Amino acid sequence: MINNNDKVTANQVSILVFNTIVGAGILSLPSDVSKEAGPNGILAVILAGFLSLFFARFILYISSLFPKETFVEYSSKLITKPISVFVSIVFSFYLLLFVSFDARIFGEVLKIYLLPTTPIEIIILTMLFTSAYLVRYGIEPIVRMSEILFPFIVLPLLIVFFPAINEIDMANFLPLLKVEPIKFLKGVLVTTYSFVGFEILYMVYPYVKNREKLKKGINYSIAFVTFLYVYIVFFTVGIFGHKETSEQLWPLLMAIKSINYPIFFVENIEGIMMGIWTFTIFTSIFSFYYFAVLTTAKLIKVREHSYLVIPMIPIMFLIAIIPDSIASVYKYTGLASTYLSIFFIVILPVILFLSIKIRKGDKRDNEKA
Amino acid sequence: MKRLKFFFFALIITASIILNGCWDKVEIEDRAFVMAIGIDLFPESNKYVVTFQFPNAAQIAKGTSSGGGGSDKASFSVSIVADTIFSASRHLSTRLNKALYLGHTQAIILGEDVVENKEKFQEVLDSLDRSYELSRKLHLIVTPGKAQDIMLKDYTIEPNIGAYIQDVFKQSRRTSLFPNLDYNKIIKSIHDTDGNSIIPKIISGKDELRISGSAIIKNYKLAGWLDNEENMGYMWLTGNVKGGDVTFEMPGDGEDIKVPFDIFNVVTSKRVEEHNGKIKYIVKIVTEGDITEYTFEKHGQMMNTKILNIMEKKTEDKIKMMIKKAADKFQKDAKVDMLGIGDYLEKYHPNVWDKYKDNWNEVFQDVEIKAEVSAHIRRIGLFR
Chain Y
1 MINNNDKVTA NQVSILVFNT IVGAGILSLP SDVSKEAGPN GILAVILAGF LSLFFARFIL
61 YISSLFPKET FVEYSSKLIT KPISVFVSIV FSFYLLLFVS FDARIFGEVL KIYLLPTTPI
121 EIIILTMLFT SAYLVRYGIE PIVRMSEILF PFIVLPLLIV FFPAINEIDM ANFLPLLKVE
181 PIKFLKGVLV TTYSFVGFEI LYMVYPYVKN REKLKKGINY SIAFVTFLYV YIVFFTVGIF
241 GHKETSEQLW PLLMAIKSIN YPIFFVENIE GIMMGIWTFT IFTSIFSFYY FAVLTTAKLI
301 KVREHSYLVI PMIPIMFLIA IIPDSIASVY KYTGLASTYL SIFFIVILPV ILFLSIKIRK
361 GDKRDNEKA
Chain V
1 MKRLKFFFFA LIITASIILN GCWDKVEIED RAFVMAIGID LFPESNKYVV TFQFPNAAQI
61 AKGTSSGGGG SDKASFSVSI VADTIFSASR HLSTRLNKAL YLGHTQAIIL GEDVVENKEK
121 FQEVLDSLDR SYELSRKLHL IVTPGKAQDI MLKDYTIEPN IGAYIQDVFK QSRRTSLFPN
181 LDYNKIIKSI HDTDGNSIIP KIISGKDELR ISGSAIIKNY KLAGWLDNEE NMGYMWLTGN
241 VKGGDVTFEM PGDGEDIKVP FDIFNVVTSK RVEEHNGKIK YIVKIVTEGD ITEYTFEKHG
301 QMMNTKILNI MEKKTEDKIK MMIKKAADKF QKDAKVDMLG IGDYLEKYHP NVWDKYKDNW
361 NEVFQDVEIK AEVSAHIRRI GLFR
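Just so you know, the protein sequences line up as chains Y and V, in that order.
Quick note on numbering: the first sequence equals residues 1 to 369 in my numbering.
Quick note on numbering: the second sequence equals residues 1 to 384 in my numbering.
Calculated directly from the structure, the hints in this document are not laboratory data.
Since the model is a prediction, treat every value here as computed from it, not as a measurement.
Glycine residues also receive a C-beta, built at the ideal position from the N, C-alpha and C atoms.
Incorrect hints may appear among the rest.
In silico DSS-like links for lysine-lysine, alpha-carbon gap of 25 angstroms or less [stated by the list, open to error]:
| id | chain 1 | residue 1 | chain 2 | residue 2 |
| --- | --- | --- | --- | --- |
| 1 | Y | K243 | V | K170 |
| 2 | V | K355 | Y | K35 |
| 3 | Y | K243 | V | K118 |
| 4 | V | K357 | Y | K178 |
| 5 | V | K137 | Y | K243 |
| 6 | Y | K243 | V | K25 |
| 7 | V | K146 | V | K258 |
| 8 | V | K146 | V | K185 |
| 9 | V | K278 | Y | K111 |
| 10 | Y | K178 | V | K270 |
| 11 | Y | K183 | V | K357 |
| 12 | V | K325 | Y | K257 |
| 13 | V | K325 | Y | K35 |
| 14 | V | K280 | Y | K178 |
| 15 | V | K218 | Y | K183 |
| 16 | Y | K178 | V | K120 |
| 17 | Y | K111 | V | K280 |
| 18 | V | K98 | Y | K243 |
| 19 | V | K25 | Y | K111 |
| 20 | V | K185 | Y | K35 |
| 21 | V | K355 | Y | K243 |
| 22 | V | K270 | Y | K243 |
| 23 | Y | K243 | V | K120 |
| 24 | Y | K243 | V | K324 |
| 25 | V | K324 | V | K221 |
| 26 | Y | K257 | V | K137 |
| 27 | V | K185 | Y | K257 |
| 28 | V | K242 | V | K153 |
| 29 | V | K118 | Y | K178 |
| 30 | V | K278 | V | K335 |
Partial selection, computed: residues in chain V whose CB lies under 10 angstroms from chain Y [claimed, not checked]:
| id | residue |
| --- | --- |
| 31 | N20 |
| 32 | E27 |
| 33 | Y183 |
| 34 | N184 |
| 35 | I190 |
| 36 | D262 |
| 37 | N351 |
| 38 | K355 |
Extracted from the complex, chain Y is given alone in its bound form:
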């Protein structure tokens, strides 16, 4: 049951996918890849970008075989009802998990840089309630919000590094390809947390008006995500070198902190960047949040997803405040993004694809008989 107000265009979905992927991960991405891939972090990010593109298109292809149904509905045809229900519950929880982690990291960063005396619970709750307000109104306001915030996310991030261009030491990226293949692949793996988000393609397909354009749109959006990540890793590793980058908690903020802005009278620009980064987190949070709610709504077959929006808040809030310290936050995000994400991005599409093939084979056999 999709009414006409809930239709969005392919371009809007592409922007939504971009905004969902770019989230809390950008803060720590350079240090994660540098730790594993050394000076070749950029290559690891590029490879991860290609892999993401491949699997995003894979998920899109599977969804496009069932143009009127979301994941919850079509998976029950493919992998039997009980397994499908179980996987959908896990999927919904998985999306919720990312809302919680993003909200927690957002709270931690904001507390350090902008609101030192505000309790972190208040920061997280404010973020969740703001997102809830948007999520209640469905997919159209969400993609519109994404469209509006898109330039505010991208432009400052691109501009803020310009003054550092002569501080880049290209020798920091040498030697090329001297890193062990296993470590390099590990470097690709740790970027997963920064690249998750295109799983929303499992759910979003029936809402798109001009579906034939979606393939191209997804190509563009993931290519642009990869470009942005390469840009950030290039500047942070170019300024610090991979050894120092790998020891920092949030190298992106550190890099911004150490750039000299010759024309600006402001000295410490990271406060301003924090404000802009809030948009980045906000777009990720509301997108994950909406699709978590949507999955649950489809699962228990309620007509309106908006009933479920508020009841989700306590769950997400509790998950967000469970980790004791910033160290355990990153431990949990690491676990979630290595095991759960790999399942939903890599393993699940393959299983679905195989079962489609098997069903088709069955059908053909039946027709022959």
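Using the hints, position chain V against chain Y.
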């Protein structure tokens, strides 16, 4: 109508209660914007002496007009003994009527005893690295002596030590006598080489500060000092010379004449040759400059290109001498590779590096450092 009025009244009251944002404001003259920090060890105990200096905001706000309360001093320095750097900045609030803010710190001066103590130096570096407030662009400097002595003095030229040091660093390219390294570059070097770095040196004169030369840090510990010439040699080797002067001697009628060569352009390139287990590191320096002084007795000779060629040769020799001194200092005295040779090998000749990286510190001492210098005199001033 009456209800509407009541509604508006209630709205205004609620708004004024919930929407006031300034309940925890701190007035600007109640803040101490720390500009410089000095760190020493407290003798015979496991503690630090931390000195903070901050400008007198009330004095700045008052401007030139007299009157009003407060002291007339332009800046204040306060010292405190504490277990850690952070607790120093906190415990100071028991003695100060202002809230310390470290975000504008321009300079941190370390006493010699801090850099001589490996554990303490690592603690200090970690404290600076973890800080949310401290800027990465501040200047970290070492003094042979007590940082407190520098911090507690009144300087007539510029009473605000942080701004003073900042301004001196801006002029680094005029002399090349001290390396223009900010905290960001020092900490990068320490991270990259596991504890080796070069840190500029500061000493205080009678009424002024002086930054010149630098300290060699090896394995988080002071390993020696570079004097002005050695420091310039080090900067030639690493390609950091951006300006300054090289003084050489020309034979005169009686005494030798000292002639300055004013550098305005330097191009450095490096290469490495390896012959049966021996590494040869070759630095090629091409520099351009002016001759700005000679002598009256030689008037009319400067248009002679032969004389200029001799002068170019002498400049080259002088630069080579500086490089030799610096290389000896690093290879024989300090025995630490701060010349970036290992770094260069790792990046451009990874196969060679793999052979030597395990005992690089020993191999480095036998590396043959060769400088190929060519100096070009472009201008001679306004007299022939």
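- Message: Output the indices of the hints that this structure fails to meet, ascending.
- Response: The structure conflicts with hints 1, 6, 7, 9, 12, 13, 15, 16, 17, 18, 24, 28, 29, 31, 32, 36 and 38, although it agrees with all the remaining ones.
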